[in-house]
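Student: For reference, the chains in residue letters:
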Amino acid sequence: MSKIKGSQAIIKCLQEEGVELLFGYPGGAVIELYDELCKSSIRHILVRHEQGAVHAADGFARATGKVGVALLTSGPGATNGVTGIATAYCDSIPLVVLTGQVPRALIGNDAFQEVDIVGITRPCTKHNYLVNDPEDLVPVLREAFYLAASGRPGPVLVDLPKDIIASMIAYPPKKKEPIKMQTYQPHTDPHPGQVEKACRVCLKAKRPVLYVGGGVILSNSNQELTQLARRLNIPVTMTLMGLGGFPGTDPLSLGMLGMHGSYAANMSVAKSDVLIAVGSRFDDRVTGRLDAFAPQAKIIHIDIDPTSISKNVVVDIPIVADCKLALQAMNSWLDKCDEYNPQEVAEHHQPWVEQVQEWNAKHPLAYMEDGEIIKPQFVIETLHKLTGGNAIITTEVGQNQMWAAQFYKFNHPRRLLTSGGLGTMGYGLPAAIGAQMAFPEATVIDVAGDGSIQMNIQELATARECGAPVKIAILNNRYLGMVRQWQELFYNRHYASTVMEVTPDFVALAQAYGAVGLRAKTKAEVEPVIREALATKNVVIMDFSIHREEGVFPMVPAGKATTEMLLV
Amino acid sequence: MKHTLSVLLRNRPGALSRVTGLFSGRCFNIESLCVAETFDPQVSCLTVVTEGEASIIEQVTKQLHKLIDVIKVNDVSEGDFVEREMALIRVKAEAATRAEVLRIIDIFRGKVVDVSPTSYALEITGSESKIKAVIDILRPIGIKEIVRTGKIAMLRAPKK
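Protein chains in written order, with this note's numbering: chain A, 1 to 568; chain B, 1 to 160.
Since the hints were derived computationally from the structure, they do not count as laboratory data.
The structure displayed is predicted, hence computed values, not measured ones.
We treat Cβ as the ideally placed atom computed from N, Cα and C, and that holds for glycine.
Certain hints may be false.
[Claimed, not checked] If you anchor each label on the Cβ, the simulated ranges turn out as follows:
| no. | chain 1 | residue 1 | chain 2 | residue 2 | range |
| --- | --- | --- | --- | --- | --- |
| 1 | B | G150 | A | G559 | 38 to 46 Å |
| 2 | A | G119 | B | V43 | 19 to 27 Å |
| 3 | B | L102 | A | I179 | 26 to 34 Å |
| 4 | B | R26 | A | D250 | 35 to 43 Å |
| 5 | B | R26 | A | K180 | 23 to 31 Å |
[To be verified] Below, a list of computed lysine to aspartate or glutamate pairs in the EDC-like style, where the Cα atoms sit at most 20 Å apart:
| no. | chain 1 | residue 1 | chain 2 | residue 2 |
| --- | --- | --- | --- | --- |
| 6 | A | K174 | A | E135 |
| 7 | B | K62 | A | E135 |
| 8 | B | K62 | A | D136 |
| 9 | A | K311 | A | D284 |
| 10 | B | K66 | A | E17 |
| 11 | A | K311 | B | E58 |
| 12 | B | K72 | A | E344 |
| 13 | A | K204 | A | D305 |
| 14 | A | K204 | A | E339 |
| 15 | B | K111 | B | D69 |
| 16 | A | K176 | A | D136 |
| 17 | A | K311 | B | D80 |
| 18 | B | K2 | B | D69 |
| 19 | A | K3 | A | D136 |
| 20 | B | K62 | A | E344 |
| 21 | A | K409 | A | E527 |
| 22 | A | K180 | B | E51 |
| 23 | A | K12 | A | E143 |
| 24 | A | K271 | A | D189 |
| 25 | A | K311 | B | D75 |
| 26 | B | K66 | A | D305 |
| 27 | B | K62 | A | D316 |
| 28 | A | K5 | A | D133 |
| 29 | B | K66 | A | D189 |
| 30 | B | K2 | B | E31 |
| 31 | A | K206 | A | D316 |
| 32 | A | K311 | B | E51 |
Construct the complete structure from the given sequences, taking the supplied hints into account.
Tutor: Here it is as structure tokens:
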């Protein structure tokens, strides 16, 4: 067999995996690979900071459902990517991150730009590899893509020593049959007995609630879920990661639950007699005080990861499976079941649905108007109105994220890209670029705060350079708003280090990058600014001067039961 | 309650640190840990003794399973099992006590593996309680150094 260069083998392997786009930043250890990459059909997006590369690959992956790929150099290139990798790990996003490494002969010698990135990323990757033998290169890359995308997805890092990239190898042909690993066999098929048990419990329930997480998005099972909820007439609440898994404007939708969840969502979970958790993991931001979380409920939990089951809350009926297959199994069990009468079940659950809707009517998500001062919620509502609810929304982290989650009613999956688990400020802009590169025709909006946008503001140059006309809506209160809100409520308004007295002129900053800057200082200016931004083919920053001390409500104080909400 | 987990894992660089990193990262407790190759050089066997409530042990087991390098996890303390530990003990052995040390080690079926004019190094194998008994009885004579392997364990074969 004729031999090819390691760098050529890597490109060939990426092409076999269907990679058309990757995000990266060159350096000494990967220079050989870049030489080959730029001759290939794969498009490379040059970012301005490696964290941006990983977030952009992550945004691409969330928006498309494909594996995102980032390419970083050794040492600082790799360590700069760690926050991005941890972000993807916490939200189970499929990524393959390729990092350069010093030549094998120098590993362990404290060489220039050497770092043990495999050691550093061990706890924040699904798996990682240091390629130590040229013959392992291609099998490892194939395994990396397989691991990233299968089971509970996650980031996989492959560390590539410079001499391996330059070595000559025989390229092993790709086998037709899928990869099989002795030590890794995700359990995707639901147990039929458990499915039947779950269905019977749902039929009998008086006060059932579906509690839906990111697993529904990752497994593309929003249709199966919607079918199940509607045919059984069960209200649905979603976690931050689950938004869009069920239509947000559906009468059965309760919106988000948890710390900043809706009144109806938190009340209905607390009063439920059956809680059906689908692809969610009982995170502390969702449950509040554990002993007060769904205390009367029999809990059904569908999740592909056995470690998620009974980790925080003891589960009565676990179903370890791919959410899509489990929901399909539940739907087809109902199709075949003689005891299931759609009319009867709908009527049986109707008094509960009415109770839930009454809660919703009593305390809807709301905010107080304040003359011409811009309320951030109004900005999100206007964005929703003017985009028809069809934009891809990325967020930074903090108040901006919660307002976007509450007031942009997501009707479709993969339209909200947000760092839920790790809560990474600086995620939104690079993620928006990744999503925009995947869908050039889509409207992609980064909902940002004036604090978090500055964490990866340098990616404006990337957006300009690669022609990604993302829109950035800065909800500017010159505070680190979420921490300030906690200080207001729990630290006697002692605003320690949350005041940002010096904030750049974002309009001028946009212009400095060759983008468009727009500003709204009054409520009346909000709509014209958004209209102009949406009509602009360039990158746009919209700087909204919002009410400085607006808070996110409802709010469940840390450590409290989710029924102990502070309301507007 | 104490649990002895027997973990088969791929014999690869970094595999052990994935296991130990999991324990430290999730605040699981490691009481002892022992690892070596099995008859298949591609596979290592790791015996870890840990302590915690049933729910914690369940998490430990599931999390170990989740590691890509882990082949199999067995909570041997759930069944009928044998466990052994080895200790090397250097004990003072001066004229007055030399004979006594030899008598003790004989009772416990241990061996002398190193001799100096003032000390013996003893090798002793057995269950945790046996090792403890030897240490307790040698302590008044004067223990200079102890090195222990940590426990290894194996399920007993079914009797039928």
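Student: If a hint holds in the structure, say so; if it doesn't, say that too.
Tutor: Against the structure, the hints come out as follows:
1. B:G150 - A:G559: 38 to 46 Å: Holds, at about 39 Å.
2. A:G119 - B:V43: 19 to 27 Å: holds (23 Å)
3. B:L102 - A:I179: 26 to 34 Å: violated (60 Å)
4. B:R26 - A:D250: 35 to 43 Å: holds (38 Å)
5. B:R26 - A:K180: 23 to 31 Å: For R26 of chain B and K180 of chain A the Cβ distance comes to about 29 Å; the hint holds.
6. A:K174 - A:E135: holds (14 Å)
7. B:K62 - A:E135: Violated: K62 of chain B and E135 of chain A sit about 32 Å apart, past 20 Å.
8. B:K62 - A:D136: violated (29 Å)
9. A:K311 - A:D284: holds (11 Å)
10. B:K66 - A:E17: violated (24 Å)
11. A:K311 - B:E58: holds (9 Å)
12. B:K72 - A:E344: Not OK: K72 of chain B and E344 of chain A at ~47 Å, beyond 20 Å, violated.
13. A:K204 - A:D305: This hinted pair is violated, its Cα atoms lying about 27 Å apart.
14. A:K204 - A:E339: holds (11 Å)
15. B:K111 - B:D69: Distance of about 38 Å is beyond 20 Å: violated.
16. A:K176 - A:D136: With a Cα-Cα distance of about 19 Å, the restraint between K176 of chain A and D136 of chain A holds, given a limit of 20 Å.
17. A:K311 - B:D80: violated (28 Å)
18. B:K2 - B:D69: violated (25 Å)
19. A:K3 - A:D136: The hint holds at about 14 Å.
20. B:K62 - A:E344: Answer violated: K62 of chain B to E344 of chain A is near 41 Å, above 20 Å.
21. A:K409 - A:E527: Given that 20 Å is the threshold and the Cα spacing comes to 18 Å, the pair holds.
22. A:K180 - B:E51: Between K180 of chain A and E51 of chain B the Cα gap is close to 34 Å, so the pair fails against 20 Å, i.e. violated.
23. A:K12 - A:E143: This hinted pair holds, its Cα atoms lying about 15 Å apart.
24. A:K271 - A:D189: Between K271 of chain A and D189 of chain A the Cα gap is close to 31 Å, so the pair fails against 20 Å, i.e. violated.
25. A:K311 - B:D75: Holds, at roughly 19 Å.
26. B:K66 - A:D305: holds (8 Å)
27. B:K62 - A:D316: Distance of about 18 Å is within 20 Å: holds.
28. A:K5 - A:D133: holds (14 Å)
29. B:K66 - A:D189: Distance ~17 Å between K66 of chain B and D189 of chain A Cα, so the pair holds.
30. B:K2 - B:E31: holds (9 Å)
31. A:K206 - A:D316: Within the cut-off at roughly 17 Å; holds.
32. A:K311 - B:E51: holds (17 Å)
Checked against the numbered hints given earlier, the structure breaks hints 3, 7, 8, 10, 12, 13, 15, 17, 18, 20, 22 and 24 and satisfies all the rest.
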